[in-house]
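Undergrad: Chains as they are written, first to last, in this note's numbering: chain A, 1 to 160; chain B, 1 to 194.
Just so you know, these hints were derived from the structure itself, not from any lab. Certain hints may be false.
[Stated by the list, open to error] Derived coverage of chain A by chain B (criterion: at least 3 residues anywhere in the stretch with Cβ under 8 angstroms from a Cβ of chain B; other residues may be distant):
1) 40–49
2) 84–91
3) 143–149
For glycine and all other residues, C-beta sits at the position ideal for the given N, C-alpha and C.
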Amino acid sequence: MKLINQIAFASALTLASIIGMAAGDAHEIKFGTLVIHHPWSRQAPGSADVAAGFMIITNNGKQDDRLVKATAEISTGAQIHDMKMVGDVMKMSELPDGIVIPAGATVKLVPKSLHIMFTGVKDAIAEGEEFSGTLTFEKAGTVTVDYEVAAPGGDMSGMD
Amino acid sequence: MRIVAAAALAIVLVTGAAAWYGASLIANRGTGSVFDIGGPFVLASARGGTVDSKSLAGKPYAVFFGFTHCPEVCPTTLYDMSNSLAGLGDAAKDFRVFFITVDPARDTLAAMKDYVSNFDPRIEALVPSEDQLKQLASDFRVYYAKVPTSDGSYTMDHTASVFLFGRDGRFAGTLAYDEPAATKQAKLKRLLGG
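The whole structure should be built from the sequences, with the hints applied where relevant.
TA: Following this line, the structure appears as structure tokens:
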């Protein structure tokens, strides 16, 4: 009986993870002429009060737009950052003017590069969870997006 | 004729001297890099007490500089290191990894203890004073700098490489942040095998 329970539990878990993955796969937000592909974040160490947000943004319009602000339900703040490796040094810089999304172009917010930095993260985010946030574009306005949380060190940039 | 011979001799002498000088520079660089990175330290540990680098004689170890308010490089490096340690098995049982904060103003011993509890238990957090940090930066040739952010807080730029030290206590190279995991693992295997 115990074994059957364990099998049932394992099956339920597997099913839940399949459904979870399916939900994660179809993850694209169309917003005016902008398409935001798969916003994601990474599980951060339990006590960390920062986390990073990534996504790929395509501007199908004829006018440039600009990502100027972000918020997230998990944090008190969110800043638009760039990160660069200069030799062996990691350099971080806040982009006070945001990120231009040129007409007809795709801009990638990916590890080791542009990202949203969530500051004052209240509760640790864990792999498999989702959280919502907003992105404000100069022209298109504000849109709500859901971030999927990847494993520590994971990378969902390649996903649709 | 004599002038030509003298000129030829001069050229031979100058070339020879240059070659000798060049060779000596290369030789010095070869040994210099091994001796020059790292230095003795006694630092407060998040496990209580201090870690004295003298106590590490005969044990391979790694040193990584970072901070807990770090959104990407630090957690990723420590996570990758945890995976590496798991994959190295018995070869890494006396291997020690030190995570030294470059932000001692915010990274208290308690904050660092919490932070590293998310990673392999062989990773130990150390908190230097500001003066100790300056000395470490000079000894390890590490760069760190505060970068103010719009919310009145700051983030840190810092050297993202992991420094490796062999059983002989000498600097044995680095793991670069953007190196493939397999390369890092091969370097660690070599370090632990020697």
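Undergrad: Next, verify each hint and record whether it holds.
TA: Right, here's what the structure says about each hint:
1. Coverage of the stretch 40–49 of chain A by chain B holds [criterion: at least 3 residues with CB-CB distance below 8 angstroms; count 7].
2. Here the stretch 84–91 of chain A counts 5 residues with a CB under 8 angstroms from a CB of chain B, which clears the bar of 3, and the coverage holds.
3. For the stretch 143–149 of chain A, the assignment as covered by chain B is violated, since 0 residues bring a beta-carbon within under 8 angstroms of that chain's beta-carbons and 3 are needed.
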